[in-house]
Amino acid sequence: MTRTRFAPSPTGYLHVGGIRTALFAWLVARHDNGQFILRLEDTDKNREVEGSAQHLTDSLNALGLNYDEGPDVGGDSGPYRQSDRLDIYREWAQKLIDSGRAYADPYTAEEVQKFREQAQADKQPFLYRNHRPDTTEPWDGKTPLRFKSDPKSYEWHDEVMGNLHSGPEVIDDFILVKSDGYPTYNFAHIVDDHLMGVTHVIRGQEFISSLPNYLNLYEALGIEHPVFATMPPVMNDQGNKKLSKRDGAKDVLDYIKEGYLPETLISFIATLGWNDGTEQEVFTRDELIAKFSLDRVQKSGARFDEKRLLWMNGQFIRQLSLDDLWDRVAEFWPDTADSADHEFKRQVLALAQDRMKILHDLPALTTYFFAEPTPNWQMIDDNKQLGKLERTKHLELLDKAKTALESTDFNAEAIQSTLNDLLEQTGEKPGTLFSLIRFAITWAPFSPALPETMEILGREHTLERIQSAIDSGR
RNA sequence: GGUCCCUUCGUCUAGUGGUUAGGACACCAGGUUUUCAUCCUGGCAACACGGGUUCGACUCCCGUAGGGAUCACCA
387 MTRTRFAPSP
397 TGYLHVGGIR
407 TALFAWLVAR
417 HDNGQFILRL
427 EDTDKNREVE
437 GSAQHLTDSL
447 NALGLNYDEG
457 PDVGGDSGPY
467 RQSDRLDIYR
477 EWAQKLIDSG
487 RAYADPYTAE
497 EVQKFREQAQ
507 ADKQPFLYRN
517 HRPDTTEPWD
527 GKTPLRFKSD
537 PKSYEWHDEV
547 MGNLHSGPEV
557 IDDFILVKSD
567 GYPTYNFAHI
577 VDDHLMGVTH
587 VIRGQEFISS
597 LPNYLNLYEA
607 LGIEHPVFAT
617 MPPVMNDQGN
627 KKLSKRDGAK
637 DVLDYIKEGY
647 LPETLISFIA
657 TLGWNDGTEQ
667 EVFTRDELIA
677 KFSLDRVQKS
687 GARFDEKRLL
697 WMNGQFIRQL
707 SLDDLWDRVA
717 EFWPDTADSA
727 DHEFKRQVLA
737 LAQDRMKILH
747 DLPALTTYFF
757 AEPTPNWQMI
767 DDNKQLGKLE
777 RTKHLELLDK
787 AKTALESTDF
797 NAEAIQSTLN
807 DLLEQTGEKP
817 GTLFSLIRFA
827 ITWAPFSPAL
837 PETMEILGRE
847 HTLERIQSAI
857 DSGR
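According to this note's numbering, the stretch in the first sequence is residues 387 to 860, in order.
No lab work stands behind these hints, which were simulated from the structure alone.
Please read all numbers here as calculations on a predicted model, not as lab measurements.
C-beta: ideal position from N, C-alpha, C; glycine also.
Think about it this way: if two alpha-carbon atoms lie no more than 16 Å apart in a straight line, the pair counts; the simulated EDC-like pairs of lysine to aspartate or glutamate are:
hint: 1; residue 1: K788; residue 2: D857
hint: 2; residue 1: K788; residue 2: E850
hint: 3; residue 1: K534; residue 2: E605
hint: 4; residue 1: K685; residue 2: D662
hint: 5; residue 1: K643; residue 2: D444
hint: 6; residue 1: K731; residue 2: E717
hint: 7; residue 1: K731; residue 2: D710
hint: 8; residue 1: K538; residue 2: E605
hint: 9; residue 1: K481; residue 2: E605
hint: 10; residue 1: K693; residue 2: E667
hint: 11; residue 1: K685; residue 2: D544
hint: 12; residue 1: K431; residue 2: D566
hint: 13; residue 1: K636; residue 2: D623
hint: 14; residue 1: K528; residue 2: D566
hint: 15; residue 1: K731; residue 2: D713
hint: 16; residue 1: K564; residue 2: D526
hint: 17; residue 1: K636; residue 2: E692
hint: 18; residue 1: K564; residue 2: E477
hint: 19; residue 1: K534; residue 2: D520
hint: 20; residue 1: K786; residue 2: E814
hint: 21; residue 1: K779; residue 2: D857
hint: 22; residue 1: K534; residue 2: D484
hint: 23; residue 1: K743; residue 2: E692
hint: 24; residue 1: K643; residue 2: D747
hint: 25; residue 1: K677; residue 2: E665
Label pairs and their in silico Cβ distance ranges:
hint: 26; residue 1: P720; residue 2: D444; range: 23 to 29 Å
hint: 27; residue 1: D430; residue 2: K685; range: 26 to 32 Å
hint: 28; residue 1: R732; residue 2: D672; range: 23 to 29 Å
hint: 29; residue 1: D458; residue 2: M765; range: 52 to 58 Å
hint: 30; residue 1: D444; residue 2: K779; range: 56 to 62 Å
hint: 31; residue 1: D691; residue 2: M765; range: 30 to 36 Å
hint: 32; residue 1: E799; residue 2: W697; range: 28 to 34 Å
hint: 33; residue 1: G817; residue 2: A750; range: 21 to 27 Å
hint: 34; residue 1: A750; residue 2: E541; range: 54 to 60 Å
Given the sequences, and given the hints that come with them, work out the whole structure.
And the structure:
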């Protein structure tokens with residue numbers, strides 16, 4: 387039974403890089419009909435950020451990355467918060483002490499730092515085990531507990547990276563339990579993954595260099611290691627370093643707030659470093675679950691290109707049914723739309739659907755449907771065609787338009803036909819006449835097609851706008 | 001610096017010895033009786049470099065260069 391986990395530390399929010407690791411682990415579990423576990427690695431109290439555990443689960447939930455077991459949903463392998471598992475780590479640490487594979491670190495942090503600096507000065511790689519004491523006092527829990535490593539070469543398989551290898555020089559006596567009593571990640575995650583029955587450890591490439599040490603610890607503990615899969619890094623848009631909070635990587639929840647769809651984020655993040663080998667560019671959640679496999683994950687890092695994300699979001703918005711879109715834009719209408727008629731808003735939304743890239747575009751696209759625009763003749767004078775005409779000509783044309791529209795059925799088709807007749811009657815070009823009317827009605831730099839806009843606005847309203855345009859131009 | 005990993009259009013990528021090196025984003029041009037967007041059509045644009053192996057290398061091997069990760073009582 388496949389069991390994967392996402393094991394973040396509650397030190398802040400989740401950015402695109404972090405969520406991708408979660409997504410891939412989730413996809414592996416769902417693809418295999420297995421389980422996905424959330425485990426909080428809160429063993430560094432200094433770095434912990436208030437409220438971030440909640441923020442983490444909110445982010446996962448917002449993207450629909452549901453977990454079968456976790457701190458807030460429970461499960462048979464809990465607790466799922468490492469700070470609640472201290473007894474367990476102590477027990478496993480004792481096993482190591484008993485078997486002679488762990489010992490009390492006799493040095494202070496300052497002394498170790500000295501060793502490190504000395505090694506650096508000698509241009510030698512620093513290895514703590516070179517200073518390993520011959521005899522040690524029993525561990526009293528007040529000093530760090532170190533792993534007594536057994537340096538050797540390793541070869542192992544990584545589902546993404548392929549076959550990897552390392553020499554004995556990278557194996558060292560790392561700290562298992564800190565002097566504050568909390569285990570290090572290096573120790574805790576191995577115990578937890580084992581106890582929780584995790585079959586696939588999916589994590590970022592920053593752990594690849596520690597893996598030989600983990601292998602050494604698995605052996606000392608006498609437990610089998612899970613399948614490893616290393617994710618390539620997500621790079622910033624410059625491509626010169628790993629995406630990081632420190633360099634302003636955005637919180638995924640911020641993308642949701644701006645009106646990126648969860649399914650866009652899922653599809654985009656998945657295809658950042660994975661593809662199914664066909665020319666398909668956009669995937670639904672179900673398609674991803676069905677098609678995902680670790681062996682098609684890229685080995686090299688990928689840059690985060692926000693333009694592509696924007697494009698993809700537009701694709702998803704356009705695929706939505708009007709009902710679905712309606713539900714999702716609830717929080718995005720302009721304030722002026724609060725009192726507007728329900729059906730009217732739905733028609734406006736239908737018109738805006740083709741132009742939205744993110745849901746937050748809605749206000750800018752629709753304001754003149756809900757509030758009277760302010761006439762701005764400068765827009766007309768700046769127009770290439772209209773600027774050549776006299777103001778009196780503008781007004782004359784608008785007046786003719788108004789008259790023609792007064793006796794027209796107010797549906798888009800009839801309006802179009804009326805406008806076409808007007809074109810012939812006045813001898814003007816569409817670019818002139820239609821632009822003029824469009825400005826008179828919307829006073830916006832851009833807007834949806836004229837007949838549809840008029841139809842939704844209705845005859846009365848449309849004629850009023852034209853009239854007030856005429857009045858303001860006199 | 002040591003160790004490990006990586007390297008196809010500007011970007012995301014397909015490609016597993018023989019292809020006009022394909023797709024998508026972005027960009028440019030044209031079309032859809034106005035604008036913006038959508039949509040459609042077309043265009044620009046890549047195998048980091050040098051050696052091998054081979055009848056034949058983007059594909060295999062070795063070097064070089066460049067990039068990344070890591071060398072914590074952080075994860």
